[in-house]
Amino acid sequence: MSSRRTITLTVNGNGHTTEVDVRTLLSDLLRHDFGLTGTHVGCEQGACGACTVLVDGRAVRSCLILTPEVDGASIETIEGVADAQGLHPVQAALLGEHGMQCGFCTAGIVMSLVAARRAGVPADEAKTEVLGGHLCRCTGYVNIRAAVDIAWNLTGTSVSVGR
Amino acid sequence: MKPSPFDYLDPATVDEVLDLLAEMGDDAVVLAGGQSLIPLLNLRLAAPSVVISPRRCAEIRTFSIDATGLDAGALVTAAELEESTDARSLPGLADSLRNIGHIQIRNRTTIGGSVAHADPAAELPALLLALEGTVTLRSRARGTRVMSADDFLVGPLISAREPDELLTRVNLPRFAGDVVVGEIGDRPGDFATVGTVVGRPHTGAATHRIVVFGAGGRAQRITRAERLADEGASVDEVVTAVRNDTEATGDAHASADYRRHVAGTLVGRALRGGSGSTSTTGERR
Amino acid sequence: MTRGDSHPGTKFVGRRIPRVNDERLLRGGGRYIDDLAFPGMLHAVIVRSPVAHGILRSVAVTDLPPGVVFLGPDELRKLAPHPLPILWWVGEQRQKETPLVDDRLRYVGQPIGVLVAPSRYEAEDLAQLVDLNIETLPVVVDAKAAVSPDAPLLYPELGDNVLSVFETGDTAAFTDDVFARAQRRLETSIHIGRIHGLPMENRGVVAEPDPHGKLTIHTSTQAVHAVRDVFCEVTGVPQHTVRVHAPDVGGGFGLKDHVYEDEIMVVLAAMNIGRPVKWIEDRNESLIATTHARDEFHRIEVAFDDDGTLRALRVDGLRNAGGRFSVFGAGPISTAMALSPGPYRWDAVRCTGRAVATNTMSTGAYRGFGQTQAAMIRERAVDLVARALGRHPADIREQNMIRSDEQPYSIRTFLTFDNGDYIRALRRARELIESAPMPPDDGRRRGIGYCSYVQLAGVGPSKANETVGVRIGGFETADIRMEPDGTVVVASGVSPHGQGHETTFAQLVADELGVDVDSVRLQWGDTESSPYSAYGTAASRSIAVGGGAAVAAGRILATKIRNIAAEMLEASPDDIVLGDGRAEVAGTRISVPIPEIAHRAWRGVGLPPGESPGLAARYLYDPESATFSYATHACRVAVDPDTGTVEVEEYVVVNDCGTMVNPTIVEGQIHGGVAQGLGAALIEEVLYTAEGEPLSSTLLDYHAPATATIPDILIEHFEIPSPHTPGGMKGMGEGGTNGAYACVVNAVLEAVPELADRPIVTPLTPARVWEALHRPV
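One line per chain: the protein sequences are A, B and C, in this order.
Counting from 1, position 68 in the first sequence corresponds to residue 68 in the numbering used here; the numbering is continuous, with no gaps.
Counting from 1, position 197 in the second sequence corresponds to residue 1197 in the numbering used here; the numbering is continuous, with no gaps.
Counting from 1, position 266 in the third sequence corresponds to residue 2266 in the numbering used here; the numbering is continuous, with no gaps.
Note that these hints are calculated values from the structure, not bench results.
Accuracy of the hints is not assured; some may be wrong.
Computed, partial: chain B to chain C, Cβ under 10 Å [as the list claims (entries may be wrong)]:
hint, residue
1, Pro1039
2, Ile1184
3, Asp1190
Quantities reported herein were computed from a predicted structural model and do not represent experimental measurements.
The beta carbon of each residue, even a glycine, is placed where N, CA and C say it ideally should be.
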């Protein structure tokens, strides 16, 4: 039956083999089948960026990907960014700079910025081109841009955040 | 919203895709990057019974650049082109790519998908037209057809691709000069309210190219303006020709007059030696 | 972000403490409505009107698979026999309630029924089987057209489309007289465009029925008690059997301060089926059928003298209310009128207005709630005066500003401003914008704009609510309980959806009790444990009224802690100081850890005479007055005359919102508010065809501000505490929007005076700006 398909994919380092309805959006697979609700859905049109995850290292809209398209792919979501020791510099910077308010758009922004920082994208481009692919209705972006500057000045991939 | 039900087929070769299209092309859509198609499925504005994905067809995932231009398989993504130093050297390509949505869209959107979708406000179809590029279409019924951009881009979201055809390659010739892309919109990455692609030839090597997109039902070459530019007319005369000859429609966002006028403005800026520009309410890039 | 904290004397209030809930959200641990799942849960879709105006003759669906349920208008009417109340009655109000479901369809998207299936995907498939038989009627979408004599009528029984008529301020005769005696007068008009508040999270409900116990309604709302009030009123279900719970909420901005018919339909479906049912709104539903905002046309007249003295302001407004009043009725436009005088002295102000029904989605509460329009109306009038006299816009403002020593000052629309140094804010904003470096000439036209406003915040005294027609009280209650181990829970009726209450309330209470901010937790968003709040989180009231209640309750509890400490330390309670987790006899090293006091209190022995066991306090704060925060915004724009694009190059805010509990959070609210003001003034617009078809149904059509739209914002504060709020907070969440809209419009009009000579229509999109430059009037 070509309306169902068994796919194998890696999510945050964990392998999954699962049968899906081929029309299932990746955003729904992650959120409802795998319980990874940190990725959020804002529009299902690719316009808001809230659903952004990394597929094979690239920031993409999970609401615009049918699950069979990621058969064999490696996916990273917000749940896989921080570790037990601490937050990723992008996360730590957003926390320190008050770069989030309601938090709904935040995971998507984190994923895009994590990929950009990893790829050596300069901070200026991260603040314009990369952040330009995300809508935030709460912060007005000012503090998110400040957080990019902070995160780009930190080294490493884990920052322990004490109080 | 969620897509209507469909069957999904992803054969490993172009030949198999062509067989499927021959059998069910009328009821099928071809899924490339999905950045235009999936939004339509998610709104149920398209409800095909079959989605055919050529994503496993290695032969349409590569590209090459040489002195004559870019030859790209249909599934090459905008990001792959953007990241290639060679591709960026093709006049007009980097500018066009930079204006397509955002990096998160460009990581998936494909050159073939974009051209086949034929959105009148999209950059790659306009660039294809300006560079006098071609597309390759293959089918069981008609074999291989190589079609000019002008013939391929028929109207708004309408191309000359038959339902049983697969667009396999896009060819962008190397323009002997500079190619400058300008756009007007509300925000960077938005579909252009109006945009232009202007080819400024190195002396004597080629003729001018002046394309306006986002104004009418498809990207359009303003041939009279091109001739005037070739004949050495003043920039003002060329701009006036653009404004007079551009076919434009008005809508809730902008009048036809606005689109015609701004098309002229963008062409004027390009001819006066400007580099690529995106002007939006907000910041200029 | 290196400016210092504002309250060196207190421990936590005034400090830029990072928010306590951010790490959870950053790690993906937020629990928003669509993250909730329950055993046996089904999924709903809402069936909506495809037409803008018509009579629903029949609804039929056949061949539904087993387990799939559809509730149409007939079933829903039986389950919801009472109408939804409109909670704000202004002037002559002709619509005071609306039914849950109506056979008369008045806007595209109007909810008709609910279909429930095992998955959202299947529910959408099956919804296409619902057959609607509709007799269409002529459509009117424009408010002016709706009041013309031959307009199609949405409510034929009313005879016209006017849903309310009202006025405020001085009488017509009095105002006419002031106009007659003034030396000059000018007039203008402005259409303030329709927008969408656009929280990034759409609405959603999960209803968990329990036929042997409580019905639980999980909902992405700003006001859990309001949801319960309306649901129970509409259905007759007893309140004590209903629990409403708000999970993490991804933005609201007023849109989630309404209770919607579709949400109630989902709950009714769950009760009917006896299983949990989830409904998550998608973005195009939201853009079509979640409350819109503004869409007002104002005619403005200003009378003044040659020396620049403002004399009188006359405003006549027409608000497009949509197909039916939202729960707040004509509240927003009447608020616009009430705040129109702003921080200036006027001899007379008269505002008249009408709210009109059209075949569009309802307009209702959204950040500013009319005060954005008030600022726009008045600041445009003031700029007109400046221009006519060849005077600097800031000079005209300062000349006419109410001085601190003139306050309390009663404005012509019956509000009394208590304490505010408006001139200080204006002067400093002017200094900052004029000293911003000017770029070299690049062919663009530049202009500086100002907006000075006073914001009515901290809504509000229940008595005042009643006077203005608000049919719910404005009090807030805080329940504070110190647990036996000395940690603290604060239960409040307000609930955060991005404002950081979890942190600011903890700061307030920690200071009152002398404990660490990490040992105080805010409990919110649950009718089971949150004290009753009819108003919820809205109207810039949370920190002033909710926080004020928390401070007051904290003081009561602190008194008890000191009493018990005094008993333990054999001292007088007046000599006990709380701080750093200890109760200390002032001037000595004699102290006891506060947890020991808590332990003793809950053991119930060894307490001072007359002191009962336990350590909890409740305070119901019904404020004696609303509060009045204020600011001056100033900005500089660069307009490309050939394309009409507008770049905001510099933006400054000088703000006084009283005591700032957390200056970083205040600044975040200003940033977000300014972004919404700039977006609405420049690029956001909800459009319909003349037939009532929504044109702005995706985020590709509706342009919300992106990072490129919003410059960095320079903010300075000073703090003149509210004279009556415990803790001195005034509240300011909406202020950024109120200031930015008028500020940027004025700046564009400075840069492009050609625009000022004609009726102004916002948003000032590139095409509109260009038309003004290239088309003579």
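Results for each hint:
no.: 1; hint: Pro1039; verdict: holds (8 Å)
no.: 2; hint: Ile1184; verdict: holds (5 Å)
no.: 3; hint: Asp1190; verdict: holds (7 Å)
Hint violations for this structure: none, all hints satisfied.
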